[in-house]
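Read top to bottom, the protein sequences are chains U and C.
Here the first sequence stands for residues 1 to 138, numbered as in the numbering used here.
Here the second sequence stands for residues 1001 to 1529, numbered as in the numbering used here.
Simulated from the structure, these hints should not be mistaken for lab results.
The structure presented is a predicted model; accordingly, all values stated were derived computationally and were not measured.
Any given hint could turn out to be false.
[As the list claims (entries may be wrong)] Calculated from the model, a selection of chain U residues having no Cβ within reach of chain C, i.e. all distances over 12 angstroms:
1. 26
2. 37
3. 45
4. 48
5. 52
6. 55
7. 66
8. 69
9. 80
10. 93
11. 96
12. 98
13. 122
[As the list claims (entries may be wrong)] Label pairs and their calculated CB-CB ranges:
14. C:1306 x U:74: 53 to 63 angstroms
15. U:56 x C:1512: 53 to 63 angstroms
16. C:1445 x U:79: 31 to 41 angstroms
17. C:1465 x U:74: 19 to 29 angstroms
18. C:1456 x U:29: 33 to 43 angstroms
19. U:79 x C:1452: 46 to 56 angstroms
20. C:1452 x U:27: 32 to 42 angstroms
21. U:28 x C:1369: 33 to 43 angstroms
22. U:29 x C:1512: 34 to 44 angstroms
23. U:34 x C:1492: 51 to 61 angstroms
Glycine included, C-beta positions come from ideal geometry on N, C-alpha and C.
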Amino acid sequence: MLAALAIAALAACNPRGEQPGNLDVTVVSVSPQPAAVGDAEITLAVRDADGNPLEGATLEVEGTMTHAGMRPVIVATESLGAGTYVTQGFTFTMGGDWVIIVRATLADGSTAEQRVALKGVQGEIQMDTRSEKAKESN
Amino acid sequence: MAAARTQPSGRRDLLDVPVVGRFLRWKHARTSMQAVLLAVSALILYDGFWGPQLAPKNLAGVLPWVHWRGFAVLALLIAGNLFCMACPFMLPRRLAKRLLPANRAWPQFIRSKWLAIGLLLLFFWAYEAYDIWASPWLTAWVALAYFAAAFAIDGIFKGAAFCKYVCPIGQFHFVNGMVSPLEVKVRQPSICGSCPTKDCIKGRYAPRSQLRTLRHSGESRNPSSGTQLPRAAAPTPSQTPAKSSTDVSTPAGLQLVQTGCELWLFQERKSGNMDCTFCLDCIQACPYDNVGIQLRAPTSEFRRLDAWRSGVGAAAQRTDLAALVVVLVFAAFVNAFGMAPPVYDLELWLAAQIGVGSEPVVLAVLFIAGLVALPFALVASAAWCSRALAGGPESVAATATRYSYALVPIGFGMWLAHYGFHFLIGALTAIPVTQSFLADFGIPILGAPQWELAAIVPDSWLVPLELLLLELGMLVSLTVGYRIAREHQRSASGAVRALAPWAVLIVALFAVGAWLMMQPMEMRGTMLG
């Protein structure tokens, strides 16, 4: 009974709820393509709440998986200008469905966060198979 | 009469371990453990329903699927059924026993494991079909459904019907607990033989007048809570009404102060861990302190499968129990297969073959094939070959039932390898999620979330560890299989012939498991549509 009351009280204040994203993030490209286990470069187009390209921000990108318990990949980004950023030293550590979390520290010191799904990152076997097929076709 | 400590049986007993034993003897030991897990469950429910809907960032994504599963299999490996001992679903269930009549007998036609088998199949399918592992919201619903089911079922029916006949988690623990090194067991059988009251099954009663006196003197606890009187004040066995073990109504003038085993396992004739929730009620109830938590060989439960066991019957004749074993063994492999890349190709191929684009339907076909049709075919084939090679009067079905128990260790090895993998690579993820949880409530006492925390062992250890667990499972399965065969066959050569097909099946399961372990794990949601 007490537990139910505690849950109801927590739910009433609900600071853990999904916050509306105040950034608009689009994955422009993932290299190599298709996304697969190994080193990768993710290029992101980021717009602010007004729809303007996000300039002058410091972006951190966290790649995590839809299954709990995996070590996330957290890297910095380099700005290419016009609201476009590219990850530095990102690695897909496992095949499957990934979620890219973008955390921005804006020029005025405020922070913002947004997530974007990146499904179907291919595992090692598919990569090997692809390589073999590529060799065969050559 | 004060309880006299029974002489040790010669086996190591957890109750004799200084700190642990003292804690487990404490009348509130189980309740305190349940309260901790209930609090954790409340956090899981809250975060699952209202927290961020990304499993790695949510307590409902991390704690059940990484930590609870890992702790559960490790506990089964090194101790026993510790989850059922601390099961949080039991606290609301106790409330139900007070609020609701709880006086109906569990229907005769479902006094078996078939209902639980159906629920297990349903859960394993839903887990993959709806990606419950990736959905904190669905995980919270599953947990809530457990609380509701335990409350409703045990509020209506006598005893622990939910645990014995319904709970899929309980069945997982009962089956895999067959290879656990600890067992709740009588210390000195001769004492049970002379016990006139059998409190371990019937419970302990005290006259209401005596309870009132003790309550006023401040010596007793609330008897209606199911706890017992202090041993010095406990009623003598002669004060416990001698009734049949199925009659649990309270006699006039007496009040129940300690329940006996609610899963109907009579200690004097109990053997093994099947259906035992490690609730310790028998330990608390025994006026002679004659029940312990004793060390045993992991293969001991598979001896004398023809012998009648209290609350279980003859395992060698329990088709439902054998079916439960087989489903759980094959589920260990199918569950791990769900994370290996070839399953996605198989899903796509099957969808094309049957012309269905719905993933739940395709997965239903796969699960029926992998958990029902294939196991039935393999076990029936092994039984037929075993009978053909070694002869004997037993039918193929009886042979299949008897030898199915030999598969428990290899199945447990696979569960250990799989859940152990998740635990080892993600044990520390609970830290940043908890940090994040507290920070969101404005109490960042643990600091900023350290999302980089995850594994507790280097990645290079994982495959060797998984293979080791699987190999141990295979070896114990082969040992158990030989023992079953040796008990049933007149000669050693006959036992080897009878075992041969089962040995092939066990080694084949090991090979499949090893192949799965060598696959690069993937974590995907929908593949179709």
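A quick look at each hint next to the structure:
no.	hint	verdict
1	26	19 angstroms, holds
2	37	7 angstroms, violated
3	45	22 angstroms, holds
4	48	22 angstroms, holds
5	52	27 angstroms, holds
6	55	27 angstroms, holds
7	66	4 angstroms, violated
8	69	3 angstroms, violated
9	80	25 angstroms, holds
10	93	9 angstroms, violated
11	96	4 angstroms, violated
12	98	9 angstroms, violated
13	122	8 angstroms, violated
14	C:1306 x U:74: 53 to 63 angstroms	59 angstroms, holds
15	U:56 x C:1512: 53 to 63 angstroms	55 angstroms, holds
16	C:1445 x U:79: 31 to 41 angstroms	36 angstroms, holds
17	C:1465 x U:74: 19 to 29 angstroms	27 angstroms, holds
18	C:1456 x U:29: 33 to 43 angstroms	36 angstroms, holds
19	U:79 x C:1452: 46 to 56 angstroms	24 angstroms, violated
20	C:1452 x U:27: 32 to 42 angstroms	23 angstroms, violated
21	U:28 x C:1369: 33 to 43 angstroms	42 angstroms, holds
22	U:29 x C:1512: 34 to 44 angstroms	39 angstroms, holds
23	U:34 x C:1492: 51 to 61 angstroms	58 angstroms, holds
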